[in-house]
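Sequences and hints are given; from them, build the entire structure.
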Amino acid sequence: AENKVKIQQEGALGSIISLLKSPNEQTLIYSSEALRHLSMNAQNKEEIERAGALPLLVELLSCPLDEVQEHVAVCLQNLSVNANNKIRIVQVGGLPALIELLRSRNKKVQAQGVVALRNLSVNADNKVYIVDEGALPPLIALLSSPDEELQEHSSVVIHNLSENAENKVKIVREGGLPPLISLLSGFNQRLLELATATVMNLATNPENKVRIAQRGGIPPLIGLLPSSNDLVQEQAMGSLCQLSMNAENKVKIQQEGALGSIISLLKSPNEQTLIYSSEALRHLSMNAQNKEEIERAGALPLLVELLSCPLDEVQEHVAVCLQNLSVNANNKIRIVQVGGLPALIELLRSRNKKVQAQGVVALRNLSVNADNKVYIVDEGALPPLIALLSSPDEELQEHSSVVIHNLSENAENKVK
Numbered sequence: 001a002e003n004k005v006k007i008q009q010e011g012a013l014g015s016i017i018s019l020l021k022s023p024n025e026q027t028l029i030y031s032s033e034a035l036r037h038l039s040m041n042a043q044n045k046e047e048i049e050r051a052g053a054l055p056l057l058v059e060l061l062s063c064p065l066d067e068v069q070e071h072v073a074v075c076l077q078n079l080s081v082n083a084n085n086k087i088r089i090v091q092v093g094g095l096p097a098l099i100e101l102l103r104s105r106n107k108k109v110q111a112q113g114v115v116a117l118r119n120l121s122v123n124a125d126n127k128v129y130i131v132d133e134g135a136l137p138p139l140i141a142l143l144s145s146p147d148e149e150l151q152e153h154s155s156v157v158i159h160n161l162s163e164n165a166e167n168k169v170k171i172v173r174e175g176g177l178p179p180l181i182s183l184l185s186g187f188n189q190r191l192l193e194l195a196t197a198t199v200m201n202l203a204t205n206p207e208n209k210v211r212i213a214q215r216g217g218i219p220p221l222i223g224l225l226p227s228s229n230d231l232v233q234e235q236a237m238g239s240l241c242q243l244s245m246n247a248e249n250k251v252k253i254q255q256e257g258a259l260g261s262i263i264s265l266l267k268s269p270n271e272q273t274l275i276y277s278s279e280a281l282r283h284l285s286m287n288a289q290n291k292e293e294i295e296r297a298g299a300l301p302l303l304v305e306l307l308s309c310p311l312d313e314v315q316e317h318v319a320v321c322l323q324n325l326s327v328n329a330n331n332k333i334r335i336v337q338v339g340g341l342p343a344l345i346e347l348l349r350s351r352n353k354k355v356q357a358q359g360v361v362a363l364r365n366l367s368v369n370a371d372n373k374v375y376i377v378d379e380g381a382l383p384p385l386i387a388l389l390s391s392p393d394e395e396l397q398e399h400s401s402v403v404i405h406n407l408s409e410n411a412e413n414k415v416k
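The sequence shown: position 302 = 302 (the working numbering), numbered continuously.
It is possible that some hints are incorrect.
Once the Cα atoms are required to be at most 20 Å apart in a straight line, the calculated DMTMM-like pairs of lysine to aspartate or glutamate come out as [unchecked claim]: (1) K332 <-> E295; (2) K4 <-> D66; (3) K108 <-> E149.
Restraint ranges, calculated between C-beta atoms of paired labels, are given here [stated by the list, open to error]: (4) A411 <-> G339: 21 to 31 Å; (5) S264 <-> G339: 12 to 22 Å; (6) Q189 <-> E59: 32 to 42 Å; (7) N229 <-> L19: 16 to 26 Å; (8) A165 <-> V81: 21 to 31 Å.
By construction, these hints were calculated from the structure, which means they are not laboratory data. Beta carbons are placed, not taken as given, at the ideal position from N, Cα and C, and that holds for glycine.
Set out below in C-alpha cells:
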C-alpha cells in the first residue's frame, strides 16, 4: 500500500504508462499489472488519468493477451470508482471495448469488464451511453450465466440502467424480462434483491406493467411476499404495487391469490413495505369484484386500524381504499361494524388536506346508508363536518356539504 504512493510520488507513472506501448509481451504484462495495483490508491486514480493513461488502457482492452486484458480491465474498474474518471473513460471511447469483454470466453475478463460497466453505470449520462453502445444484449445474456458472480454483476448494471426512463422500455424490448423473471424463482438472496429491484423499476412504465404480467411475472412476485428477506419482500410488494395500477392486473393479482399476503403485510414493521401494501390495496379496491374479495379476505379491521397510522402516506392510501370499498353496499355496513367511523371522523381533523379529503369522501359514501346516517352522528361527526363547511378549500366544503345533506335526510339529524 505504501509503495503505491511512493512509486507515484517518485514520478514513475509517465514511464510505466509509456511501456503500455511496448512490443515486449512480458513488459506489457508487467506495466499493465503495475497500473492495476497502483490504481487501487485513491490519489493515483486521479494521477493516472492526468498522466494520459486512459486512451492506451482502452486500446489494450482489445489486446490478444488475456492476461493484459484482465489487468487493464481491473485497472479501468478501479479508476472508474472516481467520479471524473466515470466521464473520462467514456469520452476516450472506453465503452465499446468494455462491452466487447462481456463476450469474452475468459470468465475473469468477462467479470472485470462487467464490474467496470457497473461502476460507470452509476453516472446518469452513462446510463444512456451504455445502452446506446449496444450493451443490453450481452448484459441480458449474462443474467442466465451459470456463474452467479457474473449474474450478480450484470444484474447490478441492468438495475442501474433501469433507473433511466427510456431504458425501462429498451431493457424489456431487448428481452430482459424472461431472465429477470426467472431470477425471481431462485434461491440466491442477492440476486433476488437485484431482480425485484429491477422489476420494480421496470414496472413504473405503463407498457411494462402489461408485459411483466404477460411474461408471467405476477406469480413469482406473489411467492416472494412471505420472504424472510425484508428487502426482497419490500421490493416484491413494490413491484406488485406498480403492477396493480393497470386495470387488467387488478384482476390478475387477485386471481393469483395475492390478497391474503398483501393484507398480511399491512402489519409489517417495515415502513416502505407498509406503504406499498396499503397503496396496492388502494389500487386493487378500484375493481368492483375486488371490493368484495378484499372484505372477504379480512382486510377491513387492519385498514381501519391503519387510519391512525402516524405515516400520512399510509393514512391517505388506507382512506382511499376504504373510500373505494365503501361504494359497495355490503361494505357500507361492514366498515361501520368493524369500528371504522371513529377513525374516519378523526381524519376530518387532520392537518393533511389529502387525508382530510379522503376521510370525508369515505363518510360521504357511508352516509348513503340509512342506519349509517344515525351512527355517523352518534359518533360525533357533526362538529368537524360543520367546521369543514367554512374551509378555504372548496373541495372539502363540497364533500362535507354532501355528507351533511345525506345526514339531514334523517328526521332526528335535522334537529341535531
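At the C-beta level, are S264 and G339 separated by a distance inside 12 to 22 Å?
-> 20 Å, holds
If you check the beta carbons of N229 and L19, does the distance land in 16 to 26 Å?
-> 48 Å, violated
Hinted pair K332 and E295, Cα distance within 20 Å | Judged against 20 Å, a Cα distance of about 11 Å means the pair holds.
Do the alpha carbons of K108 and E149 lie within 20 Å of each other, as the hint requires?
-> It holds: about 10 Å lies between the C-alpha atoms, which stays within 20 Å.
Determine whether the Cβ-Cβ distance between A165 and V81 falls within the hinted range of 21 to 31 Å.
-> 26 Å, holds
Check the following: the C-beta atoms of Q189 and E59 are separated by a distance inside 32 to 42 Å.
-> 39 Å, holds
Lying within 21 to 31 Å: is that true of the beta-carbon distance A411 to G339?
-> 26 Å, holds
Between K4 and D66, does the CA-CA distance stay at or below 20 Å?
-> Cα-Cα ~24 Å, so violated.
In this structure, the hints that do not hold are numbers 2, 7, in rising order.
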